[in-house]
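Guided by the hints, dock chain U onto chain R, whose structure is given.
Protein chains in written order, with the working numbering: chain R, 42 to 315; chain U, 135 to 404.
Any given hint could turn out to be false.
[What the hints assert, rightly or not] Sample of chain R residues at the chain U side, in silico, Cβ under 8 Å:
#1 Val199
#2 Leu212
#3 Ser258
[Said to hold, decoys possible] Between beta-carbon pairs, the in silico distance windows are:
#4 R:Ala119 - U:Lys267: 36 to 44 Å
#5 R:Val184 - U:Gly195: 48 to 56 Å
#6 U:Ser291 - R:Leu286: 36 to 44 Å
If you're looking for bench data, these hints aren't it; they were derived computationally from the structure.
All residues carry an ideal CB built from backbone N, CA and C; glycine is no exception.
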Amino acid sequence: MVLWIVEPLQYAFFVKGLLAGIITAVACGVLSGFVVWRGMAFIGDALAHSILPGVVIALVLGVNLLFGALGAAVLSVAAIGTLSRKKGFRDDTAIGVIFTGAFALGVLLMSKIGSFKDLTHVLFGNVLGVSVSDLILILIVGVLVVVLVILFYKELLVTSFDKTHAIAIGLSPELIHYLLLGMIAVTTVIASQTVGVVLVLALLVTPAASASLLVKSLKKIILLSTGLAVVSVIAGFYLSYYFDLASGALIVLVLSGFFIVAFIKNALAGRVRK
Amino acid sequence: MNKPKILCYGKDCDHPIIPDTPALEIRELSFRYPTAKEDTIDNISVDIFPGDKIALVGPNGAGKSTLMNLILGLERIQKGLIKVFGNKAAACRHRVAMVPQKAFIDWHFPVTVRDVVTMGRYVHLGWFRKPDKHDKTIVDDALKTMEIKNLADRQVSELSGGQQQRVMLARTLAHQADLLLLDEPLNHVDIATQELIFHTIEKLCSEGKSVLVSTHDLGILTVHFNRALFLDKSIIADGPVKDVLTPENIARAYGFEFHMDKEAPWYSGL
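Just chain R, same shape as in the assembly (with noise of 0.2 Å):
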């Protein structure tokens, strides 16, 4: 058994693709229980889709394709905002817009400039890819990620309860909106490198939905979320070792297992009560 988890961290490319995963995991999973219950599950997807044009600029300038991400996640973030607040269309519409046209875009370029194999690498992940200072892109942005929610808790709280109260007593829900929306958007980016930008969504979401079936209160499904996206990413990975098959689609399978238990656990827990 121990050597069973031993044997593949004697590879250089499978300890850095693991941390990678583990902390986009913890990453996704405290941002998870907010994107659930504020409902903002559309918009992850969207920057995951939108900052494909930007990986493939990236690509051809040949600057690292995190940061080519990030331009275009902060861009498309921008425009959803203004075409949503200063021309009256609702959030879904500006996000459609945008998200769309970006990715047309993305796939586009990418088939004009990049290869074929470069396109799966950014729709699918490429933890085999992760570089050192990919690695330490995204241990900074995993930190500031926990440590930000950490710091503005009670706000990100108190807007998403009652935007009311929180205009009444000074706080502007609209920062604390585009402070959770900009921390969506660096996960995205470098959730994009391991399980790629077609299954980011499944990182931000399916944790905290498994885990409100489970528990309660925001801090607990929080907690339970990191853990069940921390377990599924490090599974995926042994998996996708020991049988040969992609850790992206993996990772996102058992996150999908953990759901289907915690259903039937939380149906059976009905069942009970009635």
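Just chain U, lined up with the frame of chain R:
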């Protein structure tokens, strides 16, 4: 809803009371929503003093909620002036608290009763400070007053309408404000909770706090309030409840056409 421009929240932005000023002073206040054709609030002036227990009545769309939002700074003042204890309302957030209509709150969000009541302390905490022992005592007292101590660890989504309203009032108590605005607090609330709300208002006013309660339930007014403010875009009547609740005003509140005689003696008394 306009957001406050300044990022002023917490201890540093509580201006001291200016002596000998009303709890609330409104002068020639008018307000129009951007897309509306006419004013929702049309040139009103009111003074509210410490200990006042006021019912704000008027038909739907009379501007009751808008007025409260303006006082609280949820809408930007376009014309006129609102002062709370001599200061701008935005500089007095510690002293003004509101129980909003329940519809504006996400009751499904996973927070406990204690979490919500603790939010009443946030205005005193500001950035980066966590509630301490002192805050916890105040929250406990508020829970006790509203008789929901036993529900402290329950999720708000599991509560009945009456219990949710008690939580909102408990949060307002934890805020320790001197001017309380309650927007339709009696809607969908059981009798026991109604009684508790009135009892609490009574107690607050006897301590010198001012309470403004908007309601369209006219039956309860005479017993529980010492002053009524009849609002229909402008102020139709202001004074003791029995003077404000004239058949004419009541008819108007319930949507009948009624000719207002501005020469009437009670009108000039405003």
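Violations among the numbered hints: none
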